[in-house]
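As a plain string of letters, each chain reads:
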Amino acid sequence: EAQVTQNPRYLITVTGKKLTVTCSQNMNHEYMSWYRQDPGLGLRQIYYSMNVEVTDKGDVPEGYKVSRKEKRNFPLILESPSPNQTSLYFCASSVKPTSSYNEQFFGPGTRLTVL
Amino acid sequence: LAKTTQPISMDSYEGQEVNITCSHNNIATNDYITWYQQFPSQGPRFIIQGYKTKVTNEVASLFIPADRKSSTLSLPRVSLSDTAVYYCLVGDRGYQKVTFGTGTKLQVIP
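As they're listed, the protein sequences go chains D and R.
Counting from 1, position 6 in the first sequence corresponds to residue 6 in the numbering used here; the numbering is continuous, with no gaps.
Counting from 1, position 69 in the second sequence corresponds to residue 69 in the numbering used here; the numbering is continuous, with no gaps.
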């Protein structure tokens, strides 16, 4: 089944404890992206990657890191989480960005709480 | 990126046609218009994408006037299961940077 998976789905952690949220897609997509969703603010893009080893900042990159060493994986790293990073996180992927048909496929989300 | 403006919320009765309009005055020549649907605690799901005039698929139609400064998502005969948030996005197909905005919360009433 074609899908985007995220782990963990739920996480409660404490301020300053490094964490990684994994994202994997099995559709051979070149493009991957991370979003956070907060009440009243909609979805905001954190980082995106156009291909392996190519990443760039979205609208809200502060406090996050990403890497794209393999095509299928795009982990989101919080080196020192803070309570304002408590949010619902979504990973998404899509085919080569210049293709003629382009939709993003989203993962199920990771609900993160930082105490 | 072209900024989009949508109504915050809409109500509709079951069985009615719903039209959600998105304003994007600064749309660029290469920009496409894409709509997503999101249910609570789920990731958004692609509905439809278009560049000009009209696009139709099995779930919705997208109307884009000649000046492309706005677009209308049309959902025929909505049901309770169409209650969701609908996002309008404008950008080139490269998706290099994506702005979803706050969307339109559609409530379908029995």
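Hint data in this document are derived by calculation from the structure and do not stem from the laboratory.
There's no promise every hint is true.
Computed cross-link-like contacts, EDC-like style, restricted to lysine to aspartate or glutamate with a CA-CA straight-line distance of at most 20 Å [to be verified]: (1) R:Lys97 to D:Asp56; (2) D:Lys57 to D:Glu30; (3) R:Lys105 to R:Asp11; (4) R:Lys97 to D:Asp38; (5) R:Lys3 to D:Asp38; (6) R:Lys97 to D:Glu62; (7) R:Lys52 to D:Asp38; (8) R:Lys52 to R:Asp31; (9) R:Lys3 to D:Glu53; (10) R:Lys97 to D:Glu53; (11) R:Lys97 to D:Glu79; (12) R:Lys97 to D:Glu103; (13) R:Lys54 to D:Glu103.
Where chain R lies over chain D, by a calculated footprint (3+ residues, C-beta under 8 Å) [unchecked claim]: (14) 10–17; (15) 40–54; (16) 74–86.
One side only, chain R facing chain D, incomplete, derived with CB under 10 Å [said to hold, decoys possible]: (17) Pro7; (18) Arg45; (19) Ser81; (20) Thr83; (21) Val85; (22) Lys97; (23) Val98.
Where a beta carbon is used, it is the ideal one built from N, C-alpha and C, also for glycine.
Consistency of the hints with the structure:
no. : hint                : verdict
1   : R:Lys97 to D:Asp56  : 9 Å, holds
2   : D:Lys57 to D:Glu30  : 17 Å, holds
3   : R:Lys105 to R:Asp11 : 8 Å, holds
4   : R:Lys97 to D:Asp38  : 19 Å, holds
5   : R:Lys3 to D:Asp38   : 19 Å, holds
6   : R:Lys97 to D:Glu62  : 16 Å, holds
7   : R:Lys52 to D:Asp38  : 32 Å, violated
8   : R:Lys52 to R:Asp31  : 10 Å, holds
9   : R:Lys3 to D:Glu53   : 29 Å, violated
10  : R:Lys97 to D:Glu53  : 17 Å, holds
11  : R:Lys97 to D:Glu79  : 23 Å, violated
12  : R:Lys97 to D:Glu103 : 14 Å, holds
13  : R:Lys54 to D:Glu103 : 18 Å, holds
14  : 10–17               : violated (count 0)
15  : 40–54               : holds (count 8)
16  : 74–86               : violated (count 0)
17  : Pro7                : 14 Å, violated
18  : Arg45               : 7 Å, holds
19  : Ser81               : 18 Å, violated
20  : Thr83               : 17 Å, violated
21  : Val85               : 8 Å, holds
22  : Lys97               : 6 Å, holds
23  : Val98               : 5 Å, holds
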